[in-house]
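Q: In order, the protein sequences belong to chains A and B. Everything in the first sequence is counted per the working numbering, starting at 454 for the first residue and increasing by one. Everything in the second sequence is counted per the working numbering, starting at 454 for the first residue and increasing by one.
Just so you know, not all the hints are guaranteed correct.
[Said to hold, decoys possible] List time: in silico DSS-like cross-link candidates among lysine-lysine, alpha-carbon distance up to 27 Å:
hint, chain 1, residue 1, chain 2, residue 2
1, A, Lys998, B, Lys1111
2, A, Lys912, B, Lys1135
3, B, Lys524, B, Lys539
4, B, Lys986, A, Lys1135
5, B, Lys990, A, Lys1135
6, A, Lys1142, B, Lys1135
7, B, Lys524, B, Lys589
8, B, Lys1111, A, Lys995
9, B, Lys990, B, Lys912
10, B, Lys1037, A, Lys998
11, B, Lys912, B, Lys823
12, A, Lys1140, B, Lys1146
13, B, Lys728, A, Lys1135
14, A, Lys728, B, Lys1135
15, A, Lys530, A, Lys589
16, A, Lys1146, B, Lys990
17, A, Lys990, B, Lys1135
18, B, Lys1053, A, Lys1053
19, A, Lys1135, B, Lys995
20, A, Lys986, B, Lys524
21, B, Lys912, A, Lys1135
22, B, Lys1146, A, Lys990
23, B, Lys1140, A, Lys990
24, B, Lys1142, A, Lys990
25, A, Lys1142, B, Lys912
26, A, Lys1135, A, Lys1146
27, A, Lys1111, B, Lys995
28, B, Lys1142, A, Lys912
29, B, Lys1135, A, Lys995
If you are wondering where the hints come from, they were derived from the structure by calculation, not from laboratory data.
Chain by chain, the residues run as shown.
Protein chains: 2
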Amino acid sequence: MTELLNSSPRTDRANSIDSSRIDTAELGEILLGKWADVRRESRELAAQPRLHKIEGLDYHEHRERTFEQMKYLVEMKGVHRAFPTKFGGAGEHGGNVAAFEELVTADPSLQIKAGVQWGLFGSAVLHLGTEEHHDKWLPSILSLDTPGAFAMTEIGHGSDVASIGTTATWDPATDEFVINTPFRAAWKEYNGNAAKDGVAAVVFAQLVTRGVSHGVHAFYVDIRDPATKEWLPGITTEDDGIKGGLNGIDNGRIAFDNVRIPRTNLLNRYGNVDKDGQYCSPIPTPGRRFFTMLGTLVQGRVSLDGASVAASKIALQIAVRYASERRQFNASSDTDEEVLLDYQRHQRRLFPLLATTYAASFAHEGLLQKFDDVFSGRADTDEDRQDLETLAAGLKPLSTWHVLETLQECREACGGAGFMAENRFTSLRSDLDVYVTFEGDNTVLLQLVAKRLLADYAKEFRNVDFGVLARFAVGQAADLTINKTGLRQVAQFVADTGSAQKAVVALRDESGQRALLTERVQAMVAEVGGALKVAAKLPQDKAAKIFNAHQHELIEAAQAHAELLQWEAFTDGLQQIQDAGTRKVMTWLRDLFGLGLIEKHLSWYLMNGRLSMQRGRTVGDSINDLLAQLRPHALDLVDAFGYTEAHLRAPIATGAEKIRQDEAMDYARTQRASGTAPVDEKTLLLKVKSARKK
Amino acid sequence: MTELLNSSPRTDRANSIDSSRIDTAELGEILLGKWADVRRESRELAAQPRLHKIEGLDYHEHRERTFEQMKYLVEMKGVHRAFPTKFGGAGEHGGNVAAFEELVTADPSLQIKAGVQWGLFGSAVLHLGTEEHHDKWLPSILSLDTPGAFAMTEIGHGSDVASIGTTATWDPATDEFVINTPFRAAWKEYNGNAAKDGVAAVVFAQLVTRGVSHGVHAFYVDIRDPATKEWLPGITTEDDGIKGGLNGIDNGRIAFDNVRIPRTNLLNRYGNVDKDGQYCSPIPTPGRRFFTMLGTLVQGRVSLDGASVAASKIALQIAVRYASERRQFNASSDTDEEVLLDYQRHQRRLFPLLATTYAASFAHEGLLQKFDDVFSGRADTDEDRQDLETLAAGLKPLSTWHVLETLQECREACGGAGFMAENRFTSLRSDLDVYVTFEGDNTVLLQLVAKRLLADYAKEFRNVDFGVLARFAVGQAADLTINKTGLRQVAQFVADTGSAQKAVVALRDESGQRALLTERVQAMVAEVGGALKVAAKLPQDKAAKIFNAHQHELIEAAQAHAELLQWEAFTDGLQQIQDAGTRKVMTWLRDLFGLGLIEKHLSWYLMNGRLSMQRGRTVGDSINDLLAQLRPHALDLVDAFGYTEAHLRAPIATGAEKIRQDEAMDYARTQRASGTAPVDEKTLLLKVKSARKK
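Chain A on its own, in the form it takes in the complex:
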């Protein structure tokens, strides 16, 4: 990096301010988090060429390859970690997700197909089933002898699972459940393993017995003869064919024409039907029961959050390396061109994304630890589970949108080279595109968060009828029970510090950033909450209308809340850093993240008197100063992510560009030195001009 440091004006300036250096080893270790060893192990696995995506396979070939890779994962004991020891696992939930996330660097299709088999299909049997089910089905699920689909989503119902149309009706004559798809919109849709590999499925359906519908439950259903691979009677399927990405996965649709299964195939941990058709459940209300069952599946959201962070790191490591070698245009010298990373605009494009990636990484580690606390049983109250749900619902939208933005900005920042499939951006972007709408559509998830915020607000102020608010936040479907603890007590913070009306704060000061970000969440929730109060007393259709008129604001409030959580996680992360120089640079990066959020929402701060016009005008300059300060550390900041060539696999991130640029500059220097190089016509014209003057 010496040459860069010497040649860059921005770098010189930053150097004159500070000579701090990053300890990439220490920082890298912190980023690896609690399950550092597991991550290292999984990264080693993901570095193996046999697990890498090959671009340009057709979807049949890609599916075949992915399935073979799945077998290899089994062989390498890469899939058992979360399952009980009696099945060869370790009951380690956090570590399992950490390992799983890293697979995204090999091939997102492999990651998601593994997620379908062991994270959804297998997990449903584990968490919704009971011991008999475990003993019967888990061994062959873990060994991949029984590939299975997770049949929840329907054509007509994506994120609104409570409204699915498939029914499972107990038949007293045979003591069986009859699974039925009553109309086209109730076909199961987008189910991985449904088009080609699956021989069984966990099917979500409305459980009906003795004339009563007890809501959505999960059933284990064989769908194909494992020997002949023929579909079983009553099962009809369709292949989803080619998708925008993830084409290593065989998604498909399934319909059930009165398919009969033993009563005991009901995964009955949270609700059972006895041999007389009598329904009973340890959870008395249908809403709570639904929430509990779906809550066991939160790991999907947790792992998408982590995989998005991993892919963002890969993208930035590639783009920052290239930008530190690639030269274009000569402004400060007549002969040598600038490296891209010295351009302010280029820094503006990449560094805020880098700051957000760090924030998302710290936030994810917190989420993962919370997930592990709950699933290990160490902290497993209803309250803990609800906090986990809300945290996942807030962070997953931010990180999945962030990775798409990052991949796209990096692709554009690398120009035509960024568009070549070999440089990873376009391929990862295609695959990760669907992360923003599956495992809970981001927009719907943010409404779940908003619902929780409104509930907290209602409890805090005791002046809003919560029932009405909850009803409309995401429809009647997700009937959460709410409590006010767990999340950062925004309102409380404001009450404690009394800082709500302070118009002048130090922007590069931790407490200043916290005050601005926190007050915004509090004020936005209070504003929407106030507007919705009137809805409480109105008939349903009129209340819905008022609610709808505030839907956009509500989602914005939820997003502000999740951004605050990321900022807090980043700030907490700084405390772990021992090395003073590293902590200093990382604090600049945190400031860039904080100021980036404030700039993004600057109009809100100005309109609401939280920042004066004068102060507002300094935000952009402060950001520009931070960019210049961070410039000399950019390579260290991406190298700390710890991915190797085997993970990056991008020709533009190998140093090849520097070799080409050096060769070109050497050529030019040799030409100039030779004295035989052609003269530039422009130079001649200048000489003619000056000769005329004499």
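Add chain B to chain A, keeping to what the hints say.
A: Frame of chain A; chain B shown alone:
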């Protein structure tokens, strides 16, 4: 639509405000613009299945198919329009581009491959060559007997064409040019037709004769034996392989190892070398000459602008149709779910994109007419050409970014269905991704616009040394001569109206929007111009540093200027509408576009005292009101684009969703009416509760 109108609360409200209806026929005709008949003809061609992209072909198959489609275009006389009548053309430049743009609806690979062959390779021979060249090469270029590459970009130089490394040195011994690639970074890169089909190329190289380098010129070079398809001696190529999209095009790299071509293969319209090696040019300065030569290729940017508008229309027509049928969650009724388009958030996601698409469409029509005026010779002064260049450089970035945003938002708004390749979004997005960086990287183009704005500013105020400003705007490369006319005289407008300091304006008033948008451009340019004044007196490296510190602001100013041009084009477009109802609705849509821009930059208006805090707080509400007003017209607004099923080709836009939803609702109604439907457990619990109370 009747059922939708009756069931939607937002619609009811909008209806009570106004019962205007859109005349889609009239509006459609206006959108088709000056070359309506040509567009209709081209759309008919694009509707033919043989020209449609087939998803899932491998890139070899896709290339084959695209090449066959090219032959069909020749057969259908779809490629001659812009060429002289003696070659079977009509010399019709605007119409040619209009027809070309519509091909994007069939397959973007076909559009761009046709663009390479006839818009770049053929056009270079036409515009940079002279009659002898035309007679010799154009017939076989037009017939596709000579597929050719356009070899301008190099690995080491994308947008900075002036700095390319390839040389063409006149050899007095043989009276030939020797084309040479001196180092790896000077390999020609990303050239369509270079990997598989091309037998010739127009090669851009530094022309050297008699020891003087006269800058970049174009040369016609045979690269393969047309019979054997063997590469000619000295030619080395590499296949770029798989790209993020456009895989029907065979992009590749070419290197020249002292390849000899006749002197007369120099395309010599703007610069010639005679048999004594003497260089002469009708354009005295190298900078102007370079600009003039590259200026003939502006049609690439013009047509990408138009193709992006076309693809945005396709995306919105699909997404709005689906959202008007798809139901999800029930808020206002216990039984029926809402259609997506009735949700405020969904309107917020799609309608601003719709408004921007209309603005971009009107702006494109103006650009296309200006292009036709220049290339037809009707208005072909240097000033006209420079205005055209600047206009294209401003609009192409906005529309190419806009189409990516639109495709992505539409894909997400359609959930999992949006991710299926059959529904078009992901496929179009992959193909159009590269539009933002090719034919001039968007960020570089905006700097060209900024340079022009600074020059106008300097001329206006006579207090900035323009030479210095120009030097750093995009490096020394694009050495434009500047004049101050042509673009909207922003500064003049402010001077005329004296409205710069008015803090209160009517946001939904045309002149209010114009004042706000215009003042912002003027103030931003003045601010950067002022900051750069000091740079004029400093040494090159220090001046460069100051310039770099304002690069971001400068690009923002250029973007603001281009947004203003779009707004003006939309506003002008309103004048063409005869039908009062249509004009009223379209005025709302224009207001939504204008207010959307103001909201996007709201912090600027607040910080700079252009809007008060109180006024600022009304912007969001005004937008929400417009969304509700526009809701009943959404389907009409997309239907006016005039694309048919043969262009949309998306299963979710065929009405299938409505059939599914109706079937599901009928099923539920029949169940309720039957009296034998299962009772909901929730209902039972409520009964138990109320019984206990008694």
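Q: Indicate, hint by hint, whether the structure satisfies it.
A: For each hint, the structure was consulted:
1. For the hint pairing lysine 998 of chain A with lysine 1111 of chain B, the CA-to-CA distance comes to about 23 Å; that is within 27 Å, so the pair holds.
2. Proposed proximity of lysine 912 of chain A and lysine 1135 of chain B is supported: the alpha carbons are some 25 Å apart, at most 27 Å.
3. For the hint pairing lysine 524 of chain B with lysine 539 of chain B, the CA-to-CA distance comes to about 21 Å; that is within 27 Å, so the pair holds.
4. Annotation: proposed proximity of lysine 986 of chain B to lysine 1135 of chain A holds, straight-line Cα distance about 26 Å (limit 27 Å).
5. In summary, the hint linking lysine 990 of chain B to lysine 1135 of chain A is supported, as the alpha carbons are separated by about 23 Å, within the 27 Å threshold.
6. Straight-line distance between C-alpha atoms of lysine 1142 of chain A and lysine 1135 of chain B comes to about 93 Å, which puts the hinted pair past the 27 Å bound.
7. Only pairs whose Cα atoms come within 27 Å are accepted, and lysine 524 of chain B paired with lysine 589 of chain B is accepted, the gap being roughly 21 Å.
8. For the suggested pair lysine 1111 of chain B and lysine 995 of chain A, the alpha carbons sit about 26 Å apart, so the restraint of at most 27 Å is met.
9. The straight-line distance between the Cα atoms of lysine 990 of chain B and lysine 912 of chain B is roughly 18 Å, inside the 27 Å bound, and the hint therefore holds.
10. At roughly 25 Å between alpha-carbon atoms, lysine 1037 of chain B and lysine 998 of chain A fall within 27 Å of each other, so this suggested pair holds.
11. Restraint check: the Cα-Cα separation between lysine 912 of chain B and lysine 823 of chain B comes to about 24 Å, which is no more than 27 Å; the hinted pair holds.
12. The hinted pair formed by lysine 1140 of chain A and lysine 1146 of chain B fails the criterion: a straight-line CA distance of about 105 Å is larger than 27 Å.
13. The suggested pairing of lysine 728 of chain B with lysine 1135 of chain A holds, with an alpha-carbon distance near 23 Å, which does not exceed 27 Å.
14. Taken as a hint, the lysine 728 of chain A and lysine 1135 of chain B pair is honoured in the structure, with Cα atoms around 23 Å apart against an allowance of 27 Å.
15. For the hint pairing lysine 530 of chain A with lysine 589 of chain A, the CA-to-CA distance comes to about 20 Å; that is within 27 Å, so the pair holds.
16. Restraint check: the Cα-Cα separation between lysine 1146 of chain A and lysine 990 of chain B comes to about 23 Å, which is no more than 27 Å; the hinted pair holds.
17. For the hint linking lysine 990 of chain A to lysine 1135 of chain B, the alpha-carbon distance of about 23 Å falls within 27 Å, and the restraint holds.
18. Simply put, lysine 1053 of chain B and lysine 1053 of chain A have alpha-carbon atoms about 10 Å apart, close enough for the 27 Å limit, and the pair holds.
19. The straight-line distance between the Cα atoms of lysine 1135 of chain A and lysine 995 of chain B is roughly 24 Å, inside the 27 Å bound, and the hint therefore holds.
20. The hinted pair formed by lysine 986 of chain A and lysine 524 of chain B fails the criterion: a straight-line CA distance of about 66 Å is larger than 27 Å.
21. Note on lysine 912 of chain B and lysine 1135 of chain A: the hinted pairing holds, with a Cα-Cα distance of about 25 Å set against a maximum of 27 Å.
22. Restraint check: the Cα-Cα separation between lysine 1146 of chain B and lysine 990 of chain A comes to about 23 Å, which is no more than 27 Å; the hinted pair holds.
23. A hinted pair counts as satisfied when its Cα atoms are at most 27 Å apart, and lysine 1140 of chain B with lysine 990 of chain A qualifies at roughly 23 Å.
24. For the suggested pair lysine 1142 of chain B and lysine 990 of chain A, the alpha carbons sit about 23 Å apart, so the restraint of at most 27 Å is met.
25. Between the alpha carbons of lysine 1142 of chain A and lysine 912 of chain B the distance comes to roughly 25 Å, so the proposed pair stays at or under 27 Å and holds.
26. Taken as a hint, the lysine 1135 of chain A and lysine 1146 of chain A pair is honoured in the structure, with Cα atoms around 17 Å apart against an allowance of 27 Å.
27. The suggested pairing of lysine 1111 of chain A with lysine 995 of chain B holds, with an alpha-carbon distance near 26 Å, which does not exceed 27 Å.
28. The suggested pairing of lysine 1142 of chain B with lysine 912 of chain A holds, with an alpha-carbon distance near 25 Å, which does not exceed 27 Å.
29. Taking the CA atoms of lysine 1135 of chain B and lysine 995 of chain A, the gap is near 24 Å; set against the 27 Å cutoff, the hint holds.
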